[in-house]
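Student: Model the full assembly from the supplied sequences, consistent with the hints where possible.
The numbering used here numbers the first residue of the sequence shown as 99 and each following residue consecutively.
If you're looking for bench data, these hints aren't it; they were derived computationally from the structure.
Computed from a prediction, not measured in an experiment: that's the story for all the values here.
One should not assume that every hint holds.
Calculated pairs, DSSO-like style, for lysine-lysine (alpha carbon to alpha carbon, straight line, at most 30 Å) [stated by the list, open to error]: (1) K116 - K180; (2) K180 - K169; (3) K173 - K185; (4) K169 - K185; (5) K173 - K116; (6) K202 - K116; (7) K185 - K116; (8) K185 - K202; (9) K169 - K116.
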Amino acid sequence: FAYCYENVGDMPGYVTEKIFDAMGAGCGPIYLGAPDVGELIPDECFIDRRAFDTEADVWRYLNAMTESDYKARQKAMQSFLKSEEAKRFDSENFGREVAQIIFKDLAT
99 FAYCYENVGD MPGYVTEKIF DAMGAGCGPI YLGAPDVGEL IPDECFIDRR
149 AFDTEADVWR YLNAMTESDY KARQKAMQSF LKSEEAKRFD SENFGREVAQ
199 IIFKDLAT
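Tutor: Rendered as structure tokens:
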């Protein structure tokens, strides 16, 4: 598992490479950041740090996780990363979006 805390918290839609790097490495993300992350990435792909009061609570949750729960989470992460939904976060899409903004600015 890896802690994936955004540099900016509570900004809807602000999901950076942190959670994707962890998932791509097969490391379960413990995520804190965008309040709407569950609308962008399936809940079974990450552990929402907001669901826990303390780090000790996170630790207890991780230690209580069964092997089958862990494997299901791994499978969900890999399925998501291969999905069409994940493509909106890839570098190619990001480059297109930046280029569109630049072209729009240049046209005004």
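Student: The structure should be examined with respect to each hint, and the outcome stated for every one.
Tutor: Here is how each hint holds up against the structure:
{"no.": "1", "hint": "K116 - K180", "verdict": "holds (17 Å)"}
{"no.": "2", "hint": "K180 - K169", "verdict": "holds (17 Å)"}
{"no.": "3", "hint": "K173 - K185", "verdict": "holds (18 Å)"}
{"no.": "4", "hint": "K169 - K185", "verdict": "holds (23 Å)"}
{"no.": "5", "hint": "K173 - K116", "verdict": "holds (19 Å)"}
{"no.": "6", "hint": "K202 - K116", "verdict": "holds (29 Å)"}
{"no.": "7", "hint": "K185 - K116", "verdict": "holds (16 Å)"}
{"no.": "8", "hint": "K185 - K202", "verdict": "holds (23 Å)"}
{"no.": "9", "hint": "K169 - K116", "verdict": "holds (21 Å)"}
Comparing the model with each earlier hint shows no violations; every hint is respected.
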